[in-house]
Every structure is written in C-alpha cells, then in structure tokens.
Amino acid sequence: MSRKIVMPFGPQHPVLPEPIHLDLVLEDEAVVDVIPSIGYIHRGLETLVAKREFTEYVYVAERTCGICSFIHGMTYCQGVEQVMDIEVPPRALYLRTIWSEYSRLHSHLLWLGLFADAMGFENLFMNSWRLRENVLDVLEDTTGGRVIQGSCKIGGVRKDISTEKLGIMAADLDDFESRLSELTEVFLEDDSIKSRLVGVGKLSRSEAYDLGASGPTARGSGVDIDIRKTGYAAYRDLRFTPVTETSGDCYARCAVRARELFGSIDLIRQAIEKIPEGEIDVKVKGNPDGEYFSRAEQPRGELVHYVRGDGSKHLVRSRIRTPTLTNIPPLIKMLRGCELADVPVVVLSIDPCIGCMER
Amino acid sequence: MAFFEMAKIALKTVLSRPATLMYPTRPAKITDFSRGHVVYDGSICISCLLCMKKCPAEALCVDKEGRTWTIDRLRCVTCKCCVDVCPVKCLSMDTTYSPALVAHAGLQTFPITYVRPERPQKSETTEAPPGL
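Line order of the protein sequences matches chains A and B.
Heads up: the first sequence is residues 501 to 859, going by this note's numbering.
Heads up: the second sequence is residues 21 to 152, going by this note's numbering.
Accuracy of the hints is not assured; some may be wrong.
Claimed, not checked - Here are the simulated EDC-like pairs of lysine to aspartate or glutamate, each with C-alpha atoms no more than 16 Å apart in a straight line:
| id | chain 1 | residue 1 | chain 2 | residue 2 |
| --- | --- | --- | --- | --- |
| 1 | A | K702 | A | D533 |
| 2 | B | K109 | B | D61 |
| 3 | B | K49 | A | D789 |
| 4 | B | K100 | A | D533 |
Calculated directly from the structure, the hints in this document are not laboratory data.
Taking the hints into account, I'd like the entire structure generated from these sequences.
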C-alpha cells in the first residue's frame, strides 16, 4: 500500500475564479479524502442589515453575488414584502421573472465558459462568453447595469420595459437561440468533452438527496427539485418542466445547465407574451414587523433569505443561505475516488460561487 | 462519435469581424439607462442630507456649515439611490463612467452655491414695526 500525502488545492489556483481551499488526501494519483475550508472572503454583509434601512439593504443584498445579483435582490424583496403584506403588481412580477431568467442565461453561459476553460478548451470558453455578452447587453439596456442590475425594490421594480423593447427582445431571442444551439451541441456531442466528463465525479440519486444537493447538481443526479415550481414571482402562470439527467456525473450536470438555457428562453418568451399592463410598484408604508423565509431558484440552486424585523426601519436579522454551501458536502462525496487531474473539473461542476457563499 | 463539432462556429468566426469592441479607439456601448457616475449641481441643492443618510456605501458627506458636498468616487457603487431620493433633483446620473483614479484621489468636493430665496414681503397693513 502506498503512502498517503496531503496536497493543498487553492485558495489561489489557476482554475478557480474564487478562493476555496481543499486539502486533498492522495494515495498515488487517487483522491481518498477531502477536507474543505472556507472563510477567505467573508465580508459581513448580513451584519450590515442593522446599519442600513430595510429599503436600502436591497442594494447590499444585490451585491452579495456578482453573477446572480438580481435574484438575490428579488428574494430579499420578496421576504420583506411577505412580512409587510405588500401585494406586488402583476406587471412587476413578470418583469422580475424576465430579469431572473436573463440572469440565469448569463450565469449558465458564464459557467459553461469557465467549465470549458477548466477542461482546457479555450476556444469554447471564448464562444460561450461571446454569447453571454448579448445577454449582458439586454440587461444593461433594460436596467442600466450589466452585472448589478439594481432594478428591484420593495413593492415592485424601479424600471419598466416598454412594449416595443419587449418586442425587440423577443425577436432577438430567435437568433440567440439558434447560436446557442450550435454552442450547446458542442458541449453535449463533442467527443473530447465527453471523454473528459462522462463517468467523472459520480453522485447517485440517493446521495444527492441525502447530502442536500440543490439546483443543477441535484437535477443532474435525477432529483427533480426546482424552487421555481413553488410559483413565486410570475412562475405560477408559466409552463415549464425542470430539466433532469440521471447519470449524476460531470457530463450530466453540464447537460442540465446546457438544456436549462433553452428552458429559460422559453420562459422569457412566455412572460413577454403574457405580461399584463399596469403599475410597476406600490408605495411602501410602515416598517417590517415579523419574520419570513424567502426562497428562490438561483442558477446554482435554492437560495434562502431569512429576514426578521421588529417594527423599526432597521431589520434585526438577515440570513442568506446560498446553494454553494449546500453543494459542498455532495462535492466532497464526488471528489472521493477521483483522479487528481479531474479535481478542477469536478469542483467546477457544482458551479461554486464562493463570494456568495461566504457573504 | 462526433467530429468537427466546432468547425461551423470556427469558420463563421474566421470570416466575421472581431466580437470584441476595440475599446479605447472605439467608444464603449452605453445605453440611456447606463449608470456611469453621479453628477452634482450645487446651485439647487437645499442641503437636506437625504442623499447622505440613504447612501448604502456611505460615500457621500454633506457639510451644512462648510457648505460643501463631498463624494468618494472610490466608495460610490453607482446604485442611483441618491438620485432617486433627492427631492430637488440636484443629483443626476451621467451615462459615461468616471475616469480612472489613483488611490486617495477619489474624494471630490463641490461647493453648495444655493441661495435661499428671500421670503416675499408681507403686506404693509399686517406688518407693524416692532416696539411700537
């Protein structure tokens, strides 16, 4: 039997965009155990809730993550709206849905690019990010920000999208979809990608469920969980089926995200078709008094924002639980038994967002 | 087995113009909503302090006595919150980004030049001179 050695992986590593540290226990080239440690970029955003008014905390909540920022802001707003019994106008709910789905497109394309980069497929990385640029252009054109949209507020949204602009967006989606299908075909069919991903980092259905995997990590193992099915925002009026794969390896997780892109496009089309006319916000009176767990589906999985107010203009407690945190135990399970050279691909396959996780 | 999956995309890319915008020589894409930097007009500011109180990044400082309005460009996150709360609209959002700054040069101070208009004179019948 060979000797076991411990090899540090991260927090600074060429393949990781963000800092996470893993102590890999190796036996020759095989990983036998993994000890994760986090806490390199904790910023204390939850504590800021006591120093910012609850209406201004939206800006802080949005900056929790640099990728799915809109969904963070929206989930926080949903929580406070539930505490204060505010009924958001339907048009605002539809606009939130449209921006959420554009965020998902942008996040998944970013991830597909980073994943291709982790495999050493630079060309595909560039192509994914070129497509992502079109999504960012739409976001900037409608909200004013490419990455931090800042268009959600308590009681509705800040900006409306005109009917002409919605028409242009819907028309642009056709061209975007055909270019996207060319790109995802490479991810799903290419031989070199398949040989790199198939059978790597296996996670069975029961393991995914028991270890609390969420989002595409769970759906790649056949666990059919999608918080959008609970019908927040305008999802209750839109028809969609969560994408699932059964094999539970890196290829399955990649395929789930690649196929979810088309689901998002379909949801945007439906929302643009059904969006009602009317107000986009309601006036907020009073202060929140009560508590609420607000949930939403981020591109990476289930996001939970807990808010508690005591009737003053500052909330007492905010707690943000992001999907990356729940996907760490499944990640440890996937890494056990894989080869050292596969570690970067397996780590990226859960789409880790460390900045989001440590808040 | 699938071969040459990238061939179509690669050929298209070779025959088309670069997707990257050659930024310094060509201007960046800017929309009507783009949040570039905050512009301040001291001639209508009433020093209500709302922008300073509501700023989530604590980047603004309004000095009522010294009659100055200071912004730390390196702290400002261009969230547009101050522009939304300003009651007299002395703040606005420019669509172009502020130029690059060296460290410690982010503080920019503007004088508040607003002069409170004098109250209209009351009619002579009600205005009795004091002490008489």
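Going down the list of hints, with the structure as the test:
1. For the given pair, A:K702 sits about 15 Å from A:D533 by alpha-carbon distance, which is consistent with the 16 Å threshold.
2. Of the supplied pair hints, the one linking B:K109 and B:D61 holds, its CA atoms being roughly 9 Å apart against a limit of 16 Å.
3. With a C-alpha separation of about 44 Å, the suggested pairing of B:K49 with A:D789 is violated against the 16 Å cut-off.
4. The suggested pairing of B:K100 with A:D533 is violated, with an alpha-carbon distance near 48 Å, which exceeds 16 Å.
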